[in-house]
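Counting along the sequence shown from 1, when you hit position 136 you're at 136 in UniProt numbering, and nothing is skipped either side.
Don't read these hints as lab results, they were simulated from the structure.
Just so it is clear, the structure is predicted and the values come from calculations on it, not from any experiment.
There may be inaccurate statements among the hints.
Here are the simulated EDC-like cross-link-like pairs (lysine to aspartate or glutamate), alpha carbons at most 20 Å apart as the crow flies [claimed, not checked]:
(1) 129 <-> 167
(2) 150 <-> 101
(3) 129 <-> 92
(4) 129 <-> 146
Computed spacing ranges between beta-carbons, pair by pair [to be verified]:
(5) 110 <-> 177: 39 to 49 Å
(6) 142 <-> 226: 42 to 52 Å
(7) 59 <-> 199: 21 to 31 Å
(8) 172 <-> 72: 16 to 26 Å
(9) 109 <-> 175: 29 to 39 Å
(10) 106 <-> 226: 25 to 35 Å
(11) 199 <-> 130: 30 to 40 Å
(12) 201 <-> 48: 20 to 30 Å
(13) 170 <-> 201: 18 to 28 Å
(14) 185 <-> 98: 36 to 46 Å
(15) 124 <-> 208: 34 to 44 Å
(16) 149 <-> 67: 15 to 25 Å
(17) 185 <-> 28: 45 to 55 Å
(18) 176 <-> 226: 39 to 49 Å
Glycine included, each C-beta is placed from N, C-alpha and C at the ideal position.
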Amino acid sequence: MGAHHEHDPHEAAPAHGRALRLGIGGPVGSGKTALTAALCRVLRDELELAVVTNDIYTTEDADFLRREAVLADDRITAVRTGACPHTAIRDDISANLDAVEELEERHGGALDLVIVESGGDNLTALFSKGLADRQIFVLDVAGGDDVPRKGGLGVAAADLLVVNKTDLAAMVGSDLDLMARDAARVRDGRPVAFTSLREHPGAPEVAGWVRGVVRAARAHGRAHANAS
């Protein structure tokens, strides 16, 4: 059930000289904001981070991250998406792209990673490649153990699938082994991580995967610079 998987370092590599952009998507209540907070806490001492949150009408997720002090306030910004959160990450990415670029400019090009957390959406929601270099899709076990089998673009095609809140599996009657088998079938070798932020607040598998993605992006950047 681990997230270990070999990636081509040139796959979805960021443009030379800018931060890697990581999209985190998934249905309402799956734990996207909690995972974003966990990653910030674990990685902030080793990477230069910033976050863009998406909410339909409020700035609630950004406000939560600021209250939790996971990053300095000037590293967190919010986008109000209106009625269709998937549109803001896939079809009309201008507001999110402006927010990301403003953060990069504010911090003088020093950022290593910008996390873009989507508003809650359905199983088909994927980030545009113009917005996110890599993407994580988050499910939770309370949605039912048949969700990976039903697939959807988010489940099947995200770079990392996270099945969250595994500590609740027995309570809600979800079979984690079944979810792992079904996810493996639909994901064509892409990694899956099973997490419980209650039991493992630092989300070690997910954080390790993010570190690997950032290392690959840095290596690609060095190779690009040497070739120039």
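Inset, instruction - Run the structure past the numbered hints and jot down the numbers of the failing ones, going up. - result: As far as the earlier hints go, 1, 2, 4, 8, 9, 15, 16, 17 are violated by this structure, in ascending order.
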